[in-house]
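Using the sequences and the accompanying hints, generate a full structural model.
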Amino acid sequence: MSNPAKHTQTKKNNTKTIGIVILILLVIAAAVFLFKSCSGDEQTDKMPNTGIVYDTGAVEGGWDEADLDKIVEGLNEKVEEGMINISMNTSPSFENGTSAGSLMIVNEGVNRYPQVVEITRNDTNEVIYKSGAIPVGSKIESTKLSMDLDAGTYECTAMFYNVNPDTGEYLGCAGAIITVTVLG
Amino acid sequence: MKKIISLCFALCMICALSVSAFAADIDTNGGSGSTPVNLSSTDDGTIGGDPSATAMSVTLPTALPMAMAQNGDVTTADNCQIVNNSYGAVRIASVTITTANGWKLTAFGDKTTLANEKVDSNKLGFALSVGNGTQTVTDNSDASSQRLISAPISGCYMSGVGNSASNKVDVEYSAIVTPLSSPVTEATVATVIFVVEWDTAA
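Sequence lines, in order, name chains A and B.
Residues 1 to 184 (the working numbering) are what the first sequence spells out, left to right.
Residues 185 to 386 (the working numbering) are what the second sequence spells out, left to right.
If you are wondering where the hints come from, they were derived from the structure by calculation, not from laboratory data.
Hints may be right or wrong, so weigh each one.
[What the hints assert, rightly or not] Computed Cβ-Cβ distance ranges for the label pairs, DEER-style:
(1) A:Asp-67 <-> B:Ser-358: 17 to 27 Å
(2) A:Glu-80 <-> B:Gly-346: 22 to 32 Å
(3) A:Thr-124 <-> B:Asp-211: 51 to 61 Å
(4) A:Asp-123 <-> B:Tyr-271: 26 to 36 Å
(5) B:Ala-284 <-> A:Asp-67: 26 to 36 Å
(6) A:Pro-135 <-> B:Thr-369: 42 to 52 Å
(7) A:Thr-98 <-> B:Leu-364: 50 to 60 Å
(8) A:Asn-164 <-> B:Leu-223: 20 to 30 Å
(9) B:Asn-324 <-> A:Thr-98: 39 to 49 Å
(10) A:Thr-124 <-> B:Leu-223: 32 to 42 Å
It should be emphasised that the depicted structure is a prediction, and the values quoted were computed from it without experimental measurement.
In this text, a Cβ means the ideal position worked out from N, Cα and C, and glycines have one as well.
What follows is the structure, encoded as structure tokens:
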């Protein structure tokens, strides 16, 4: 024979246990919801609210602003690469218009590129001499002008061109005022 | 013994003749003579070498790079110098800027002066100063080539290499550039040419 009082007590205990379990599950669900709300992907959360689909590739920030010092450093390297040393006799003399004279053009060893030198009369802008490419560490001591000049003194400009050794392209230039003398 | 005496006489005669050859003949009390001091400048420094003037040797920049940011700010290098390695003093005779690849010169100023320019109008305003001297700038006079320095001005003078404090001058430059619709990389927009000369007394 079963005891009705004992049965009622057991039923009460089961109901209590189920209630506790449900309460625990509710607490866990609330905790999970709160955790997701605080640390979850906001963009994902916003999607259903606003209807905007945010690009997952978007990152925080604006236009890139490079370090000014680094920019200047890079530019300074370009200046260094382009420096040219020009060296020559600034008063070459020739016995006559067709004889060789002491131009003494030196492409100093400190240079990076072969040089081409072009001499132009300042009064007429005529080119009276143009060298071929002079290798670094080499010189042209004595040579003829490409124009038969009359006896006299001529103010000229000697332009020194840096030349790309692979392509022959002129990379930059600088010049010097010189005086060419033809004696007779 | 006779040989030694003969040698002594011979030496005496040589010395006596040599003196008469180089010295002025002064035969009065208080008289004077002149001795020429001759100079020959030659390529190898010898008295018999080929006549030659002092060699010029100067290091100059051939590249003045610029970098433009997306907001139009232009940055330039800050290590640009001209160094005189010659024994003699030199000066900058001229500086010329010439545009390249379809670019045009315009007046230099604040970049806001280009606010009304069309994008890709390819205009460049350029400013340069040498040796902390006067800044020279491009204007609207010629779109293709302009003389920034046409004769030596303050800041253009360099001593000989013997004075390491004044044988070099700094070159400072800046620019404004019209906006670009497409990026460019190391595009040559202009060339600046420095020409030097002896800093003569005349």
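Hint-by-hint comparison with the structure:
A beta carbon spacing of about 19 Å between Asp-67 of chain A and Ser-358 of chain B agrees with the range 17 to 27 Å that was offered as a hint. At roughly 25 Å, the beta-carbon separation of Glu-80 of chain A and Gly-346 of chain B lies within the given 22 to 32 Å, and the hint holds. Taking the beta carbon of each, Thr-124 of chain A and Asp-211 of chain B are about 60 Å apart, inside 51 to 61 Å as hinted. At roughly 29 Å, the beta carbons of Asp-123 of chain A and Tyr-271 of chain B sit within the given window of 26 to 36 Å.
The supplied range of 26 to 36 Å is met by Ala-284 of chain B and Asp-67 of chain A, whose beta-carbon atoms lie about 30 Å from each other. Between Pro-135 of chain A and Thr-369 of chain B the beta carbon distance is about 30 Å. The supplied range of 42 to 52 Å is therefore violated. For Thr-98 of chain A and Leu-364 of chain B, the Cβ-Cβ distance of about 53 Å falls inside the hinted range of 50 to 60 Å, so the restraint holds. Evaluation of the 20 to 30 Å hint for Asn-164 of chain A and Leu-223 of chain B yields a failure: the beta carbon distance comes to about 43 Å.
Separated by about 47 Å at the C-beta atoms, Asn-324 of chain B and Thr-98 of chain A satisfy the suggested range of 39 to 49 Å. For Thr-124 of chain A and Leu-223 of chain B, the Cβ-Cβ distance of about 34 Å falls inside the hinted range of 32 to 42 Å, so the restraint holds.
Taken one by one, the earlier hints fail for this structure at numbers 6 and 8, listed in ascending order.
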